[in-house]
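> Take a look at the letters that make up each chain.
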Amino acid sequence: GDSVTQMEGPVTLSEEAFLTINCTYTATGYPSLFWYVQYPGEGLQLLLKATKADDKGSNKGFEATYRKETTSFHLEKGSVQVSDSAVYFCALSGQTGFQKLVFGTGTRLLVSP
Amino acid sequence: GAVVSQHPSRVICKSGTSVKIECRSLDFQATTMFWYRQFPKQSLMLMATSNEGSKATYEQGVEKDKFLINHASLTLSTLTVTSAHPEDSSFYICSASTGQVNGYTFGSGTRLTVV
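Protein chains in written order, with this note's numbering: chain A, 81 to 193; chain B, 2 to 116.
Calculated from the structure, these hints are not laboratory results.
Possibly wrong hints are sitting among the right ones.
[Stated by the list, open to error] In the PhoX-like style, the derived pairs of lysine-lysine whose C-alpha atoms are separated by at most 20 Å in a straight line are:
id: 1; chain 1: B; residue 1: Lys65; chain 2: A; residue 2: Lys180
id: 2; chain 1: A; residue 1: Lys180; chain 2: B; residue 2: Lys56
id: 3; chain 1: A; residue 1: Lys129; chain 2: A; residue 2: Lys148
id: 4; chain 1: A; residue 1: Lys132; chain 2: A; residue 2: Lys148
id: 5; chain 1: A; residue 1: Lys157; chain 2: A; residue 2: Lys140
id: 6; chain 1: A; residue 1: Lys136; chain 2: A; residue 2: Lys157
[To be verified] Restraint-style ranges between C-beta atoms, simulated for each label pair:
id: 7; chain 1: B; residue 1: Ala3; chain 2: A; residue 2: Ser159; range: 28 to 34 Å
id: 8; chain 1: A; residue 1: Ser138; chain 2: B; residue 2: Gln43; range: 25 to 31 Å
id: 9; chain 1: A; residue 1: Gly158; chain 2: B; residue 2: Ser6; range: 30 to 36 Å
id: 10; chain 1: B; residue 1: Lys15; chain 2: A; residue 2: Asn139; range: 38 to 44 Å
id: 11; chain 1: A; residue 1: Tyr119; chain 2: B; residue 2: Lys67; range: 26 to 32 Å
id: 12; chain 1: A; residue 1: Lys148; chain 2: B; residue 2: Thr18; range: 47 to 53 Å
id: 13; chain 1: B; residue 1: Met46; chain 2: A; residue 2: Glu96; range: 34 to 40 Å
id: 14; chain 1: B; residue 1: Val4; chain 2: A; residue 2: Lys148; range: 29 to 35 Å
id: 15; chain 1: A; residue 1: Val162; chain 2: B; residue 2: Lys15; range: 35 to 41 Å
Virtual Cβ for every residue (Gly too), placed ideally from N, Cα, C.
All chains, full assembly: derive it from the sequences and hints.
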């Protein structure tokens, strides 16, 4: 079945450092790919998404490119802030709006001043 | 944008009692809602998919009689944890689908503690 693999955390960075969180997937067909962020004690917020190969999703300085050839959707940010500390989930879904999301295990990011 | 309200945000109950968690789509009709459970420092585990007016579809290993899901209207789905025990303590999150491709909106979650 479909699956998502994320790098294990925690990822610890200093403020203004460059961030990469790796995500690879296994899926049939052409899934849509997502990054969600979860702040402590809260639900999930959609950070960015891409629906087809070579699409780049971006939001709040974060970017991820849908790479079909490497089945990857790595999350990047050029300069992290303390407020970016959270857990980040990579996920995929089928092509209709009613298909369930398949999540990776999540990667905790800790940014220190 | 699409908003999903989940209530309560926190609940503490005694072992053996039942707890109901509500998930409402505030500004759209949610034909399908999903219920997830999240263990500490772990990913989200899909428990069931709830479709308005029909029985929920449970994932393998999820007890249907313990986790009762009702989706009586296009804006409300409920999860009832029956005869709760300490091992049911967890963070429960709902998600509603707008029916558009990739249209998922998450509630803010419910922290359940069974004592």
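> Could you check the structure against the hints above and give me the numbers of any it violates, in ascending order?
none
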